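*Asks:* Next come the chains, spelled out residue by residue.
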Amino acid sequence: MKEHKKTVKGVAFYNNPKIRAIIYQILALAAIFLFTYYVLHNMFINIEKRGINTGFDFLGNEAGFGIISTLIPYTESDTYGRVFIIGILNTLLVSGIGIFFSTIIGLLVGIGRLSKNFMISKLCLVYVETFRNIPILLQILFWYNVVLAALPGPRQSMSYMDAFFLNNRGLYIPRPILESGFMSVIIAFLIAIAAVVYLAKWAKKKHDETGEEFPVFWTSLVILIASPVLVYFVSGSPATLEYAQLKGFNFVGGWTFTPELLALSFALSIYPATYIAEAVRAGIEAVPKGQKEAANSLGLKNHIILRKVVLPQALRVIIPPVINQYLNLMKNSSLATAIGYPELVTLFAGTALNQVGQAIEIILMTMAVYLTISILISIVMNFINAKIQIKER
Amino acid sequence: MKLLKTLSLSIAALAIASTVSSADTLDTTIKNGKLSCGLNTGLPGFAAPDSDGVWKGIDVDVCRAVAAAVLGDATKVKYAHLNAKERFTALQSGEIDVLARNTTWTATRDTSLGLNFTGVNYYDGQGFLVSKKLGVKSAKELDGATFCIQAGTTTELNLTDYFKSHNMKYTPITYDTSAQTIQGFEEGRCDALTSDSSQLYALRTQLKNPSSAIVLPEIISKEPLGPVVRQGDDKWFNIVKWTEIAMLNAEDLGVNSKNVDEMLKSTNPNIQRLLGVTGDIGKNLGLDPKWAYNIIKQVGNYGESFERNVGQGSPLKIERGLNALWKNGGLQYGAPIR
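Line order of the protein sequences matches chains A and B. Using this note's numbering, you'd call the opening residue of the first sequence number 3 and step up by one each time. Using this note's numbering, you'd call the opening residue of the second sequence number 392 and step up by one each time.
If you are wondering where the hints come from, they were derived from the structure by calculation, not from laboratory data. Only a predicted model underlies this, so the values are computations on that prediction, with no experimental measurement involved. A few of these clues could be false.
What the hints assert, rightly or not - Below, in silico cross-link-like pairs of lysine-lysine (PhoX-like), each with a Cα-Cα straight-line distance of 20 Å or less:
id: 1; chain 1: A; residue 1: Lys249; chain 2: B; residue 2: Lys626
id: 2; chain 1: B; residue 1: Lys531; chain 2: A; residue 2: Lys249
id: 3; chain 1: A; residue 1: Lys249; chain 2: B; residue 2: Lys524
id: 4; chain 1: A; residue 1: Lys51; chain 2: B; residue 2: Lys626
id: 5; chain 1: B; residue 1: Lys560; chain 2: A; residue 2: Lys249
id: 6; chain 1: B; residue 1: Lys467; chain 2: B; residue 2: Lys681
Using the sequences and the hints, build the whole thing.
*Replies:* Next comes the structure, spelled out in structure tokens:
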């Protein structure tokens, strides 16, 4: 029997464990690359053989179909490239609306569930359990059909002060039309923001030095609203409102929120909010009781304890699961295809795909968009997460 | 590194060697014992389940006829129910072998998607369905109206063309399926619904109160609807193409599902060739000599299929119109079987 040798002298290089590990990894990587290459190569040969067009030339062709709501100007003679951009913008719009409202609702309900008030906590519980357990597609369809069924036709629309109209074609609100002098209002607003930032710094310094509290929030609010409004009137009201008017079949002018957008925003706010609420609750409960008791013994008021002691610590627990909810929300916006809201999947991976027929290019582009947005959301949220982590010095 | 080189070379060789051989659809269908056929998700007259849950319609008959010709049994079909957006990909990828889903034959689809249209089983045209309440009598009064449309159809493009050429504006709401489209119309989301006129009649029957809506007189486009197959399999293309021609010729020659057995004894040489009594059309197609007999016996001729599904024998009650035989003033003309 030979003795087991620990030294590697005289052993062939492929028996050296270190080199071996590297070789295996290179082989694994090469196999993955070759497999991908093989699949793609095969696919393109097959496509060509079957006489299917390939390439991205179609992006420059005229789309030729109408789109109900766009954030940038669009006519039927615009290109598929523009349709792609419109799809992305509409996806970002509903996702943005969803993220904004689901965060607010989630935060309130999450805090509400821990409330000592029996009614509030139970109502929040019912909300979470109800909307968390119904598939979001059903919720989208439900809101859409509820909205449509409840609202009257354009000619019988509900109106408020002849400026706001609600009917089954959407919610119509006046649209401000800005004139040249409006620039001064924007500048006033920017200056107000700068002033508020300075004020916050000054108040913090004063608080650090003297312990005196200054009502930063309310003062800031007044500055932010009052100064642009003041400048607006001083410069002679350089904006007019365009009202929606009933013309022929429908209302024309103003800003329109279509039922599709309303239903989708509703579903994308209410459903993810349940998960965010649970994350918030978990985060708050994760803050040691002693922290609250200590703050209490200092004589701090409840809302100040929540804002300055509990939430900053809870956020460290809350943010990671919330990132996931934002990502899910963004991806769930593609369910809009069920109600015809023109976001990326409906518009580009749906209508455009079927008009052009180039499935591979279009699906790849669509996937790339979702991947990019997801990564961006992750990066931003992880940055925020890193910011609020405990800094150990 | 030698190992790696050998590995990469062999995989590259594999990649080149195994470029998919053009699959023989006829052989695979016979081997599977079932025809996989793509249909609409539900459109009365073309493809919709009856009260027993059996799918019926003029498009279903295309599937059944091809199955009868190829497998000798019209029931040996596996149906795939596709929406407008899925249909071409399903055919391109080989999920289905025939697409019989009221699909308009256009130049782009025929030339750039790797597909072949085998013929026209229904000559259609795009029209408008509007609520009676609006008091609209003509499509020219629809300026500024909102339309319910099915996404990704030629309908969408025709509507744009029509409104552009008449200098009018419209707002589109595009839904995924025709069921959603009619629901949107019924709930008042749109003023009008636009689609192929045959579909309008079919969709109107699905309204709670069908008499509350009317179909406007204008037809704004040509919509030749027909079965589609993949490019590059000429044998299969021929089979699907001649299945429909056989049904047309059967009507032309007065052969139907009831008299087809007697007709086997007919002395008319055209009928003899059609039913495989003489000649070798079946053999040339790679099928049983009785291929056309099986179609007619089990599915019927074109006229029977039309009347049963969309014509007077159906709730739709659509006139033959353009779909009458050539000798009756229509466009349906079966190339001679000889």
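*Asks:* Take the hints in turn and mark each one as holding or not.
*Replies:* Now the hints, each set against the structure:
Simply put, Lys249 (chain A) and Lys626 (chain B) have alpha-carbon atoms about 57 Å apart, too far for the 20 Å limit, and the pair is violated. In summary, the hint linking Lys531 (chain B) to Lys249 (chain A) is supported, as the alpha carbons are separated by about 16 Å, within the 20 Å threshold. In summary, the hint linking Lys249 (chain A) to Lys524 (chain B) is supported, as the alpha carbons are separated by about 17 Å, within the 20 Å threshold. Simply put, Lys51 (chain A) and Lys626 (chain B) have alpha-carbon atoms about 17 Å apart, close enough for the 20 Å limit, and the pair holds.
For the given pair, Lys560 (chain B) sits about 12 Å from Lys249 (chain A) by alpha-carbon distance, which is consistent with the 20 Å threshold. The hinted pair formed by Lys467 (chain B) and Lys681 (chain B) meets the criterion: a straight-line CA distance of about 17 Å does not exceed 20 Å.
Taken one by one, the earlier hints fail for this structure only at number 1.
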